[in-house]
Amino acid sequence: MLSALIWLPVLGAALVGFWPGLSASRARFLALAVASSLLVWTVVLFSQFDISNPAIQFSELFPWIETLGLNYHLGVDGLSLPLLALAGILTWIAIYSSNESVERPRLYYALILSVNAGIVGGFLAQNLLLFILFYELELIPFYLLIAIWGGTPQRGYAAMKFLIYTAVSGILILAAFLGLAWLSGSSTFDYKAIITAGLPLTTQLILLTMLLVGFGIKIPLVPLHTWLPDAYVEASPPVAILLGGILAKLGTYGLVRFGLGLFPETWALVAPGLAIIGAISAVYGALTAIAQKDIKRMVAYSSIGHMGYVLLGAAAATEISLIGAVAQMVAHGLILAILFHLVGVIETKVGTRELDVLNGLMSPVRGLPLTSALLVLGGMASAGIPGMAGFVAEILVLQGSYSVFPLPTLVCVVCTGLTAVYFVILLNRTCFGKLDNNTAYYPKVKLPEEIPALVLAVVIFFLGLQPTWLVRWSESTVAAMVATVQIDNEQQVAAVEAPAIER
Amino acid sequence: MVHFLLQTIWLVPCYALLGAILSIAWVPGITRRTGPRPAAYVNLLMTLLAFLHGLVALFASWNQPPQELLIPWLTVANLDLSFPVEISSVTIAATVLVTGINLLAQTYAIGYMEMDWGWARFYALLALFEAGMCGLVLCNSLFFSYIILEILTLGTYLLVGLWFSQPLVVTGARDAFLTKRVGDLLLLMGVLALYPLAGTWNFTELAQWATTNSVDPKIMTLVGLALVAGPMGKCAQFPLHLWLDEAMEGPIPSTILRNSVVVATGAWVLVKLEPVLALSPVVMATIVYIGAVTAVGATLIAIAQIDAKRALSYSVSAYMGLVFIAVGTGHSDAALLLVLTHAVGSSLLVMSIGAIVWNNITQDLTQMGGLWSHRPISGLAFLVGGAGLLAFPPLGSFWALLKLADSLWDTRPWLVGVLLVVNALTAFSLTRVFCLIFGNQAKQMTERSPEVHWPMILPMMVLLGFTLHLPLVLQSLSLLPDWDRVYKDVGLLLTWSTIFGCSIASIIYLGRMVSKPVQLFWKPLQDFFAYDFYSAEIYRITIVFGVGLVSNVIALIDRYLVDGLVNFVGLASIFSGESLKYSTSGQSQFYAFTILCGVGLLGMMLGWPFLSHLSFNLFP
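Chains as they are written, first to last, in the numbering used here: chain A, 1 to 503; chain B, 504 to 1123.
Honestly, the hints are just simulated from the structure, not real lab data. Please note: incorrect hints may appear among the correct ones.
Stated by the list, open to error - Residues from chain B shown here face chain A by an in silico Cβ test under 10 Å; the list is partial: (1) 654; (2) 681; (3) 688; (4) 1054.
Claimed, not checked - Which residues of chain B face chain A? A partial, calculated answer using Cβ under 7 Å: (5) 579; (6) 946; (7) 1049; (8) 1053; (9) 1069; (10) 1072.
Stated by the list, open to error - Derived DSBU-like pairs (lysine-lysine); straight-line CA-CA distance at most 35 Å: (11) 1026(B) / 946(B); (12) 349(A) / 293(A); (13) 192(A) / 293(A); (14) 812(B) / 434(A); (15) 192(A) / 349(A); (16) 946(B) / 434(A).
The structure displayed is predicted, hence computed values, not measured ones. Don't be surprised by glycine CBs; every beta carbon is placed ideally from N, CA and C.
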């Protein structure tokens, strides 16, 4: 059942890449067909999923290299299921929104499908080594996607930076996993088999720190983030959607799954620091975004800020905050995707991303009214206006974290205000204002170009108005996860009670 | 049937929401074929439905105990977020007021926006506001109130920014959004902090909790101050008042709503929160002071404005300041009565001004004059609206102000003084506006000025009639203060303050004793009021500048320090590799030398314990 999610895109990639004499439009059609069937398969998976069961479901286990402790062990639980859906939707969107006359179409679509396979594999892997395999697997396709189809001549630099950063992240995580398995005397790398409880505290701390830095690069957290603006900005919009929408989620997912999941005892020790880093990331991302002059870069920095909330929610590790963190991963993926897509549309139609040049796109006759309307919606969703998915996630994170880390939580509330500031700047400059009569001969935006944004807008609204559909999947898994850290949390609350007064 | 309508009162905001969705369907593509008007008609129909539904339900709810209806929204872990609908005569009356004023404003807009093409957007946003406000008054939960306030903040941004191609509109929309958002986020902090303390967001339960709790007063003060910030932003109180003035760049039909009921959303939440806020005397005192300062300050500013709309908008801030005083002193019923009478009077004033602005092209008071003979209906509407707003017996606000002043007389007489001053100054301000527009000789801009067409006159007349009948309505609902029990001197004082303000203004602005244009004795003081205490400037050089500076500095740090470090590591490794490659020169002497150095170094390291021992002997 789960293998299909990995092997179908691999098969699709192989077909698109190696089928002799495949035309560009056929390649696109084939890739879309694979993505659509993945989406359908994910929906089937959702319908079969038992939300009251906190454990791994649909488990698949084949012994592979047992001497190494490497097994082909897949499974899904409430933590990974929403992310699977996110990956399915965004891959479909990315393929659909790709330019139809993209260069080297067969390689392009094959790479996108293999990226999907790698990321989904990462979400499904229940064996640490298998996770690392998938984690490293998507690196090369991404490198190529940025380096070949990127925007400006800077793309080579951006791609290399991304590659080096992420490779370092992979090495750190691999080292941590190896240390974890060997020191705890486990004969296998299976997630379930590894128990850190027996390890001395210092060892645990060192291993956890390595993991945190490794995943922190991927998420990314300040100050490990500098690959992000370059990579997101240089990548073409569909690739940026994949990068920001789902690849970064591999980092946050790893943080919760392996950081919190494998070190429930040590988590409480690092949590205050993590919460502070989360708050700093949020402030840093928001403030840097305010100063940007390029709308794509602005959106890229907003992503750093929003990852701060995920970190805060994960650090607090209360049931509500953790559910909020998972919801935030999904919401952020959707909102980032709609923003990148619209920025891409504006760039192709207007020919610039400069804030100082753009103006008056809301104009109903010669502007891009629908695109602008959707951009307003996306920006406001990102700023956490209620009624849309982002708000639900943020309010859960904030409410859940407040009792544990009041101060970082309040800082994050301030950050939602700063988010509003830069989105108002963005919207005021691009959508509002007077259209320049001399330059405003923009090509019309055709309906198919708007469809990805419309689909995403509907999903964002639906999840915002019916948030149960966003949170119900992860509830029981998170409850079980939190139960393991609960004891520490209570101490935490007691310790933090005092600063609660000085808000 | 009637009972059914009462139970389904939650449909009222849904009608409006449906209207919004139907209106927005007239996207530019369809508008090009049908014209923009159908968007308004569907919306009007929906508003009418909501109004009638509310009206019938109001009669059904009379003398019935309040009921509560729970609409589940989200349950996660131990957090149960259901939307509690409070069905009581007060809440239903509030929806009737909201939908009624909306109905009038939307009819008015058909006339006012005649030449505009953005009807779909405009009506959708009006309907969004209607839905939001009806939802707000019906919901009995702080959390959902926050949600609705936040959505309305977005609505304000889009509504003020309707004519987005004008630069002033764009900045006005921006400032309205950000100022309100600041208030909202502080409110959110309060909302987040209150839940762990009280364990509920339901207003009724919060009030119960407030009677039996023992929270540290320090915490309660901080939470209370955060909670007050939200209403402060909505009610345009100092120092978050700036947006209301800039929001006047939006179309007038939306101003009718904004000046009457939208600002009142903040007051409503404040009234609902009163039991919680009353836990901290500091918070209550703060509310009173903010209200008093705003009430006096904003009326003074209003007198110095030369823009007709802005002169009215500052009076709105001032009246909301009076509402703050009422809540801060614990007189919530007087506050609600004042909100009601203010809403009616204020919207009539805006309608009248709108009718003047519409065909005189200008809203600059100094360009107008002598319109009374051409525009008797608009003039009459202004007079009645003003009388309804001031303490002018027997119209509505007289009773509201009397109720408030009467209850303050024994406890805090100085606040009665504030009330009298504000009333006198508002009377002065409104009379001034009236005299400048309708009095004196006609000027160039006002020479040809026929009365406007019926879609604008009709709602104006309906509202005029309602304003005149409001005291009767209030009496039949027994909402008027008991005449036998009030201090009649207070009523007399209020009346005199109105007469005083009106007559002074008429003498100055109609008489020939003072040279025109009227100047204050000291120009800087006049400018100080005319430019709104320079608060826009103050914000620009403090907060806006500060945030801009910090963000630029951080962006520079990001670019050159954090990223620079990374690039430096990259460059350094390339450089060292590049320079090391010259060491492979092929000369055996060089290799031998390198090996010798290496061996020597290694020998030093290995022999270090011995060597250090040696040196120890050499230098005892």
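Checking against the hints above, which ones are violated? 6, 7, 10, 13, 15
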